[in-house]
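The chain contents come next:
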Amino acid sequence: MLTKEQIAQRIAKEVKNGQYINLGIGIPTLVANYIPSHLDVVLQSENGLLGIGPFPTEDLVDPDLINAGKQTITMVPGSALFNSAESFAMIRGGHVHLTILGAMEVSENGDIANWKIPGKMVKGMGGAMDLVASAKNIIVAMQHCSKDGQSKLLPSCTLPITGIKCVKKIVSDLAVLEIAPQGGFILKERAPGVTVEEIQSKTAGKLIIEGEIPEMIFD
Amino acid sequence: MINKTVKDAREAVADIPSGAFLMMGGFGLSGIPENCISALLEKDINGLTIVSNNAGVDDFGIGLLLKKRMVKKMISSYVGENAEFERQLLSGELEVELIPQGTLAERVRAGGAGIPAFFTPAGVGTEVAEGKETREFDGKLYLMERWLKADFSLVKAWKGDTAGNLIFRGTARNFNPMMAAAGKITIAEVEELVPAGELDPNQIHTPGIYVQRVFQGKDYEKRIEQRTISKK
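Just so you know, the protein sequences line up as chains A and B, in that order.
Each residue of the first sequence is one higher than the last, beginning at 611 in the working numbering.
Each residue of the second sequence is one higher than the last, beginning at 12 in the working numbering.
Among these hints, one or two may not hold up.
Simulated restraints on C-beta separations [to be verified]:
1. Phe148(B) <-> Gly793(A): 21 to 29 Å
2. Gly759(A) <-> Lys143(B): 17 to 25 Å
3. Gln214(B) <-> Val686(A): 18 to 26 Å
4. Gly729(A) <-> Ala207(B): 51 to 59 Å
The set of hints was computed from the structure by calculation and includes no laboratory data.
Think of the CB as a built atom: it goes at the ideal place given N, C-alpha and C, for glycine as much as any other residue.
Hey, can you work out the whole structure from these sequences and the hints?
Spelled out as structure tokens, the structure:
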């Protein structure tokens, strides 16, 4: 099984040179630590920044410079600042190439649920619904099963959904999977030491297995 | 040039009545109108509706207005950082309307720009779409969303001049420019107020036409929610 850091590390391999990328809160934020330094990419923060840099050192902390998770950040050279309407214009307008976010459930047709658990305190969807409705490529970072062992990769979502038919790829602690155009989770890679049978038993939605499934390779 | 200056926050918010529909700039605690919030706390009003991306924390920002039970309804995209908020919500004392963040920004922008409605893909197929018109354009479904306008918009800028022109700093800009345009009366508090003519017109983010009152703010706390430090 992969750690959170390893999930982030595997997702970082999907990043391509020249991309503008929005990273969600949690594991997706960790992806920034593993993007190879030879790639030129720009990270977008939906509260109004292109060009997120590392967290600041103590002397550079600036309350006027935070990311969407309200963490203090820095800007890389060449950054641009803008208002929230402009920020979502670039998201809805399809200018952001890649969105990486977490999920509570994903269905086999690519629906995602990640904002609300009925009966619990509802905090809101933030920018997630705008992002999933518009991003060209959405990769989900998630745990394959809940803490009590229930699969989170389902025939259809049981929680209120955030967006329909939008997820392209999932990196879980057990596997890399793609959503098939006609529906179903196509198993692409296994986490080291995890068998196809285990992934099958922990995937409630339709799992598509074609040929030998390689183990993930970590550098 | 028309002079928009008022003496201080107290004078700026003096005519905001109970039941007013307000917008407040800010993302988290960044770029919030701290001085106006303090001045509102001194007033004996309630039943406010507030459009703001977030609802502050327990002891700062809009959280202070909630604690004093001045707020009837919040219209926001994310509200999770506030225990008193949660208590009032679960007990039914407070109404909340949750809106996707980009839709919220665009509804406010539309309000200021005179666009009564627009179509967005955000929320299609979700509970956000309930009761709203859906229409297909070029093979994809979109939701119709309406504009938002306020009786009073309270915004915070880095620099401003006496004509009401505003310049924001960093990610403290966020919702402030659209809210400035969407308020019937827009009150801008600024960290540095200068005479008209001293700001470079090329650098103005919000033209003074949108601002009815501007004042020199003071004692900015600029609290940080998640102080995240790198060691090196």
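Q: Hint by hint, work out which the structure violates, then give me just those numbers in ascending order.
A: 2
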